[in-house]
Each structure stands twice: as structure tokens, then as C-alpha cells.
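There are 2 protein chains.
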Amino acid sequence: MSYNEIPLGKAHRLINTGATVLVTSRSGNKNNVMVAAWQMPISFKPPLIAVGIGKARYTHKLIEKSGEFVVNVPPMKMLSAVWYCGTHSGKNLDKFSLCELNKIKAKKVKAPAIEGCIGFIECRVYSSPSAGDHTIFVGEILSASAKEGLFDEVLDLKKAQPVHHLGDRFFCTTNAIKEVK
Amino acid sequence: MSYNEIPLGKAHRLINTGATVLVTSRSGNKNNVMVAAWQMPISFKPPLIAVGIGKARYTHKLIEKSGEFVVNVPPMKMLSAVWYCGTHSGKNLDKFSLCELNKIKAKKVKAPAIEGCIGFIECRVYSSPSAGDHTIFVGEILSASAKEGLFDEVLDLKKAQPVHHLGDRFFCTTNAIKEVK
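Protein chains in written order, with my numbering: chain R, 1 to 181; chain E, 1001 to 1181.
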């Protein structure tokens, strides 16, 4: 399973449909993975993305300490892992091992990426404004990679099958692409 | 075509799938509508959502002046209007009239909502952190409404058919809901 780097200026297209993502972080020897349905690209120049992380989350602490994180885009076939990771804290659990998520070494940051994901975006914290009970972690994109065959200018949705969250226990994926003429 | 108010605490579920939205604003006698693919809910308590708006956009000026905006969720059948609104500035054009978008009076803000949309969320600016070439307008949700029959705890995707943007001229909608057991 090989991943190819994609241009930083197009990296936001990995998450532009608004898919739910797995955020990985690492501080010291502790790795963690959490789910974030609240994410968006936020700047072209410089290339930035934003992720909303609850202030009480363990990942919040790890990102604050390390100043880095990776946004991984899981496919629908990882939905049970997505659900588990979104409903359990990694403070005292190794969710990678429990969900059989294999780590991939990232190129620019110490936090790991997740094998089997559609792609992943490696970020350094650019700013972290507070918004109610969450922090908006704005990440400067340092590197982005997509799984071989899944990204050519935009995602190949038929093959990629990203996860989208409606709320509660309800999820969906996207269907065929429509091109505006 | 009737709209029902939905609880503020569940309003974020109108945009939780990451759909592309139409942001409406008004300052003085000027109304405008623009497209934003970059949006996310950002807090439960208080209920907040965030929208990324390019600093050069006309809507940016109107929101700065008025401190208010409405996030409208268009269905796929409005895709040509979405495309037009995303590729033309409203500074010297009336996009409502050109795209045949009918305004609905919002309940709590002066900016109009758009008839035919799946639902809309009325916001007052809570904060507006800068992030590269965009501003993150964080909006406190003052009221939210969904079209009759399209929202019951979560969106009814089969009927709602929200628009999702991949990048460039490529769009898609979501498919059947999957419930995690």
C-alpha cells in the first residue's frame, strides 16, 4: 500500500468534502488518535487547515505540548474504528492497538499517520484560537500524501469512500462526482 | 414550503456532514450571498459554528460591518446557483435576482435566509480570528430552521441531498445513512 505526496496547495482537497477525520498526535512516547468531524481547510496562502478539538480531550493536551498533529482521512471500511476512537479516550488506552490501526511514519512531524487511510495531512500548529468548549487548532500544512490511485487533482470518490458524520450514530459516504460545465 | 425551528443544541447537525453552504449577509440596504465550502460546527456550549471567508470577499466586509450572517444549506438542485455565487462577486451584482434565489425573512438577524434550502442557521459574530488569507468567522447560533420533513434528529439525506465540494468544478452529494450498531 503506497502513498504519494501531493502538492501542498492541493492538500486541502483531501478534506474539502467535509469528511470526518482521524487526528493523530504524539508527545514524548505517547501516541493518540481521536475522531474529528469538525474540520475545514482555512487558507490557500499559506496552506492551512483547521480542526476543532474539545478542550477536555487527551489529544488537546498532546497537540498543545507537541505543536504538531496529523489529519488522516479514513474510508468507510474503517467506520467501526472511527466509532471506537470517537467514543473512547486514549488517556489510558492504546487505541491504535485496540482498533488494529497500523502507524505509518510521517515525513515532517513526529505524530504517526494511519495506514489504510485515503490520505493524510501533516501539520504544525499555526494558531489555536478558543471557541466555546473547543479549540480551533489551525495547522500549517507541512506535507500531504494520498494513497496510490485515490487522488488526481481531486479525490476519486468511488474508490475513496470517505466517512461523513451526520450526528449521533449516523454516518454516510459520498456518491458519484458531478462536474459543473 | 415551510420551515420549522430546530433546537439550538442540534442546529450544528444541519452542517455536520461538511456540506458546502451559502452565506448570506446584509449591511445597510445591501444583501449578499456567497458560497463557503469551508465551514464546521465548533462548540456545543455555547452552540457555535465557524465559517472561513476570504479577506478580499465582499461578504467579509458586510459581516464585519453588521456582525451577523446566515448559513444556508443548499440542495443539489441548486448547484448551478451555488456555482454562480461561488464564482461572482456580489459587490456590483444582485446574485439573489440573477440566480432566482428568493429571500426569506430570518427570525433573529437582518440578513435574509434563502428559500428552497434544506435549512439555515442564523448567527451573530462571536469572534473572528485571522488564519492566513481567510478570517474564521465564529458565529453564535441564535436560531436554526429546517425545511419541513428534512430533519428529525439528523438530516434525512435521501430527501435533503446536500452539496459537497471536492475542489475545482467537482461536487457530489451524500448517499444512504449508515447507523453504527
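Because the hints were derived from the structure by calculation, they are not lab data.
All of these numbers come straight from a predicted model, not from anything done at the bench.
Mixed in with the good hints there might be a few duds.
What the hints assert, rightly or not - From the derived model, a few chain R residues whose C-beta atoms are all more than 10 Å from chain E:
{"hint": "1", "residue": "SER2"}
{"hint": "2", "residue": "ASN29"}
{"hint": "3", "residue": "LYS30"}
{"hint": "4", "residue": "ASN31"}
{"hint": "5", "residue": "LYS45"}
{"hint": "6", "residue": "HIS60"}
{"hint": "7", "residue": "PRO75"}
{"hint": "8", "residue": "LEU79"}
{"hint": "9", "residue": "LYS91"}
{"hint": "10", "residue": "SER97"}
{"hint": "11", "residue": "CYS99"}
{"hint": "12", "residue": "LYS108"}
{"hint": "13", "residue": "GLU148"}
{"hint": "14", "residue": "GLY149"}
Said to hold, decoys possible - Computed cross-link-like contacts, BS3-like style, restricted to lysine-lysine with a CA-CA straight-line distance of at most 27 Å:
{"hint": "15", "chain 1": "R", "residue 1": "LYS95", "chain 2": "E", "residue 2": "LYS1055"}
{"hint": "16", "chain 1": "E", "residue 1": "LYS1045", "chain 2": "R", "residue 2": "LYS91"}
{"hint": "17", "chain 1": "E", "residue 1": "LYS1055", "chain 2": "E", "residue 2": "LYS1030"}
{"hint": "18", "chain 1": "E", "residue 1": "LYS1095", "chain 2": "R", "residue 2": "LYS181"}
{"hint": "19", "chain 1": "R", "residue 1": "LYS61", "chain 2": "E", "residue 2": "LYS1159"}
{"hint": "20", "chain 1": "R", "residue 1": "LYS10", "chain 2": "R", "residue 2": "LYS178"}
{"hint": "21", "chain 1": "E", "residue 1": "LYS1178", "chain 2": "R", "residue 2": "LYS159"}
{"hint": "22", "chain 1": "R", "residue 1": "LYS77", "chain 2": "E", "residue 2": "LYS1159"}
{"hint": "23", "chain 1": "R", "residue 1": "LYS55", "chain 2": "R", "residue 2": "LYS30"}
Ideal placement from N, C-alpha and C gives every residue a C-beta, glycine not left out.
Hint by hint, here is what the structure shows:
no. : hint                  : verdict
1   : SER2                  : holds (22 Å)
2   : ASN29                 : holds (31 Å)
3   : LYS30                 : holds (26 Å)
4   : ASN31                 : holds (24 Å)
5   : LYS45                 : violated (5 Å)
6   : HIS60                 : holds (13 Å)
7   : PRO75                 : holds (13 Å)
8   : LEU79                 : violated (7 Å)
9   : LYS91                 : holds (20 Å)
10  : SER97                 : holds (21 Å)
11  : CYS99                 : holds (14 Å)
12  : LYS108                : holds (18 Å)
13  : GLU148                : holds (19 Å)
14  : GLY149                : holds (16 Å)
15  : R/LYS95 - E/LYS1055   : violated (40 Å)
16  : E/LYS1045 - R/LYS91   : holds (23 Å)
17  : E/LYS1055 - E/LYS1030 : holds (18 Å)
18  : E/LYS1095 - R/LYS181  : holds (19 Å)
19  : R/LYS61 - E/LYS1159   : violated (40 Å)
20  : R/LYS10 - R/LYS178    : holds (19 Å)
21  : E/LYS1178 - R/LYS159  : holds (18 Å)
22  : R/LYS77 - E/LYS1159   : holds (25 Å)
23  : R/LYS55 - R/LYS30     : holds (18 Å)
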